[in-house]
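Peer 1: What follows is the residue order along each chain.
Number of protein chains: 2
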Amino acid sequence: MADSEKLSTDPYKGVRDFYPADWARMRAMFSCIRETLNRYGYEEYNASPLERAELYEAKTSEEIVNEQTYTFTDRGDRRVTLRPEMTPTLARMLAAKRREFPLPIRWFSIGNRFRYERPQRGRLREFYQVDVDLLGAVNVPHTDVEIISIASAILKSFGATEDDFTIRVSSRALLNAACAAAGLSEDATRSYLRLLDRKAKMPADEFATEVHNLTNIDPLALIEDGTAPEVNSEKQALKTLLDVLSKRGVGNAQFDPEITRGFLYYTGMVFEVYDTNPENTRALFGGGRYDKLLSLFGGDQIPAVGFGMGDVTLADFLETHGLASKVSSAPILFLGTVLPYDQCAVEIEAVADKIRVQGISVFTNIVNKHIGDQVKEANRRGIPYFAAVGSDEIDSGTLRVKRLATGEERALVLSDVSTFCIH
Amino acid sequence: MADSEKLSTDPYKGVRDFYPADWARMRAMFSCIRETLNRYGYEEYNASPLERAELYEAKTSEEIVNEQTYTFTDRGDRRVTLRPEMTPTLARMLAAKRREFPLPIRWFSIGNRFRYERPQRGRLREFYQVDVDLLGAVNVPHTDVEIISIASAILKSFGATEDDFTIRVSSRALLNAACAAAGLSEDATRSYLRLLDRKAKMPADEFATEVHNLTNIDPLALIEDGTAPEVNSEKQALKTLLDVLSKRGVGNAQFDPEITRGFLYYTGMVFEVYDTNPENTRALFGGGRYDKLLSLFGGDQIPAVGFGMGDVTLADFLETHGLASKVSSAPILFLGTVLPYDQCAVEIEAVADKIRVQGISVFTNIVNKHIGDQVKEANRRGIPYFAAVGSDEIDSGTLRVKRLATGEERALVLSDVSTFCIH
Chain B
-13 MADSEKLSTD PYKGVRDFYP ADWARMRAMF SCIRETLNRY GYEEYNASPL
37 ERAELYEAKT SEEIVNEQTY TFTDRGDRRV TLRPEMTPTL ARMLAAKRRE
87 FPLPIRWFSI GNRFRYERPQ RGRLREFYQV DVDLLGAVNV PHTDVEIISI
137 ASAILKSFGA TEDDFTIRVS SRALLNAACA AAGLSEDATR SYLRLLDRKA
187 KMPADEFATE VHNLTNIDPL ALIEDGTAPE VNSEKQALKT LLDVLSKRGV
237 GNAQFDPEIT RGFLYYTGMV FEVYDTNPEN TRALFGGGRY DKLLSLFGGD
287 QIPAVGFGMG DVTLADFLET HGLASKVSSA PILFLGTVLP YDQCAVEIEA
337 VADKIRVQGI SVFTNIVNKH IGDQVKEANR RGIPYFAAVG SDEIDSGTLR
387 VKRLATGEER ALVLSDVSTF CIH
Chain D
-13 MADSEKLSTD PYKGVRDFYP ADWARMRAMF SCIRETLNRY GYEEYNASPL
37 ERAELYEAKT SEEIVNEQTY TFTDRGDRRV TLRPEMTPTL ARMLAAKRRE
87 FPLPIRWFSI GNRFRYERPQ RGRLREFYQV DVDLLGAVNV PHTDVEIISI
137 ASAILKSFGA TEDDFTIRVS SRALLNAACA AAGLSEDATR SYLRLLDRKA
187 KMPADEFATE VHNLTNIDPL ALIEDGTAPE VNSEKQALKT LLDVLSKRGV
237 GNAQFDPEIT RGFLYYTGMV FEVYDTNPEN TRALFGGGRY DKLLSLFGGD
287 QIPAVGFGMG DVTLADFLET HGLASKVSSA PILFLGTVLP YDQCAVEIEA
337 VADKIRVQGI SVFTNIVNKH IGDQVKEANR RGIPYFAAVG SDEIDSGTLR
387 VKRLATGEER ALVLSDVSTF CIH
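These protein sequences, in sequence, are chains B and D.
Mapping to this note's numbering: the first sequence position 43 is 29, numbers consecutive.
Mapping to this note's numbering: the second sequence position 219 is 205, numbers consecutive.
Careful: at least some of the hints might be erroneous.
[Stated by the list, open to error] If you want the footprint, here are the derived chain D segments under chain B, 3+ residues with CB under 8 angstroms:
1) 92 to 104
2) 154 to 164
3) 219 to 232
4) 323 to 333
5) 350 to 364
[Claimed, not checked] Ranges of calculated distance between the beta carbons of each label pair, as one might list FRET restraints:
6) B:Pro326 with D:Arg176: 55 to 65 angstroms
7) D:Lys(-1) with B:Lys(-8): 50 to 60 angstroms
8) B:Ile408 with D:Asp173: 55 to 65 angstroms
9) D:Asp242 with B:Cys18: 40 to 50 angstroms
10) B:Gly145 with D:Thr384: 45 to 55 angstroms
11) B:Ile408 with D:Asp359: 31 to 41 angstroms
12) B:Arg180 with D:Ala397: 55 to 65 angstroms
13) D:Arg180 with B:Pro326: 33 to 43 angstroms
14) B:Thr147 with D:Asp381: 46 to 56 angstroms
15) D:Ala397 with B:Glu172: 49 to 59 angstroms
No lab work stands behind these hints, which were simulated from the structure alone.
Virtual Cβ for every residue (Gly too), placed ideally from N, Cα, C.
So here's chain B without its partners, still in its complex pose (with noise of 0.2 angstroms):
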């Protein structure tokens, strides 16, 4: 034990610390979100972050598994990744216990995920995600309305308007069908949504020139002309999901051709919620439909749709429009001692025990201090009541509780502070 080293205080590069203020604005974002997802019935699953690195090879997108997950071998020679996201974590759960749950399956997931990158502004090397996902129900579009509905349902419950962001929808199966009338090759195909991916990133003229490289027809332009009838019927059905949206109350999505989403496994519709501050122009989350992913494991496809939010361009999004709710995480009562705490700890905490069952969450003064800097203290750990506990307090089973905002004080019997003791 080293005890003179002097060691750096720093996290390791690319993740947070959270210290209570802003575990509790976490938690508070987290429980807003599980609330509505529960209202829709959805159930909350979890599993580790240590994954075997087998489970991303086949499935999640290269630039992911090449250059941004944390994969290293354990001492016994096994490759472990750190889940850089969660649906193949989800595919295998799943695979694994097939026969024990009826489908359709509602399932969402809160929790950290890793990625290799250069920390920048809302790019962590953790971050928390929640994932939704609808499985096993055929239902097309009333499956992908749900997903989408449930994700404006989310930033509706913190106050956002449809004014405050937007929600464009396209379909894997669309630009597949587009990409094959232009004439492409399934290579080609999947160069070109690459491509249409990194379009908003890169100056016009040089995405005409690549995508000149891969073809002459812009499989874009035949989506918007409209002449070939794959493409066509691939755009209808666009056009019917965005109809019942819109009668379900979800006023703010439409069609936008260039939503590819970055991972290969998505089969048909795709989206992403854009913040509309124009400031703002990365999207904010998305995700789309995935029907063949679980069958990497045998068995049988199973139709899936879900999305991905991640907490730090959600909070970022929250904070632009001021919605950010106002959370505390300190405790709602100080209890002062006029005696010091040595000379009457037993009696102190027998009376805060007597305010601890009411569900208050009490501070009590365990050192040595004058009674004036102890109400100083609970002002500046944010403690929102005071009260002093000396015999008399002791005596009569009697405290007189301080609002320290207002300075409203109120004589209460012990089972009675929770009447004025609000959080």
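Following the hints, complete the assembly by docking chain D onto the known chain B.
Peer 2: What follows is chain D alone, placed relative to chain B:
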């Protein structure tokens, strides 16, 4: 994307998948603990499981660092460790923002920890742990008493009585004093403590031989006979601690000089909680005082006392004593459909939404299925209430809701559904 390749559905060795029922149990367990800790004025913090490897090299017990950490090198050549315990992270976080937080600090954290162990009952490579710490108050024994009281309060909050568990308390100060009185050097003291930590797992004669290799006078004998004044003074301090604990309503704590705890950083009181069930001989959890840990980051020493409680041993204990909470992750109401969902999706979801706003978790039947099969499905899913929506219900805005366990049925206007559907 290699669709034909079949992957194993097993999780990585030694970690768990949490299906909704499993995760609901974990969440219920943590909620109960969180509530108790909040009542004592403790605030929750968190951090990434990724830590710089050097954080552990100076402080954690040698066994853990040498054999049990997950340590790897990232793509930027930084050595990273998956946290095997939370205390070094807490120490780092406090050292980083030492001036921002008034002392004392009452904090806790609930999260996963990682150790590369041979998987066996109660030993996983990823487990969850609650870490509770009281820092910056020198008020011994009252701070020690508070920490042990909280450990006891948590078990009691699950319904455990003092017949179900015992708290064995000792002190590193006492053990150090006894080792010094026995003439042991600092190194020999460390070896002796390591030996004592393993005593319960080894034959008595082997222990005696190994002690004899270190010293002619067994420090345990010195503690018992009470001839050395420094030893007696530490024994007296422990007696006072146990006396205050008993007055605080913790009647099942007792002195046990063989309690040492594995970690090198303990400096004072140490305790372990044991199941009274003789079949469960391993400690449930434990903790102690570690006054020097924070000075590793420079700056002043901060007195600190705390404990860590792992999820696996706790869940086993609750299970054994019939205290595990019965929780369900299932939604509350199965909203069945008389007409095919496709034909009235918008109307059905409008009905569902009117129930969801009452805080009720509604699972809508999104697939085409006979109504009798929908009732069966609700039962299979563990959903306690059932209602079917047809044209009549859509027109009238009322619903017949059935409690499946009893068959009791109630006709309700939509806005009253929550008066009948109780969790």
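Peer 1: Could you work out which earlier hints the structure fails to respect and list their numbers in ascending sequence?
Peer 2: 2, 3, 6, 7, 10, 11, 14
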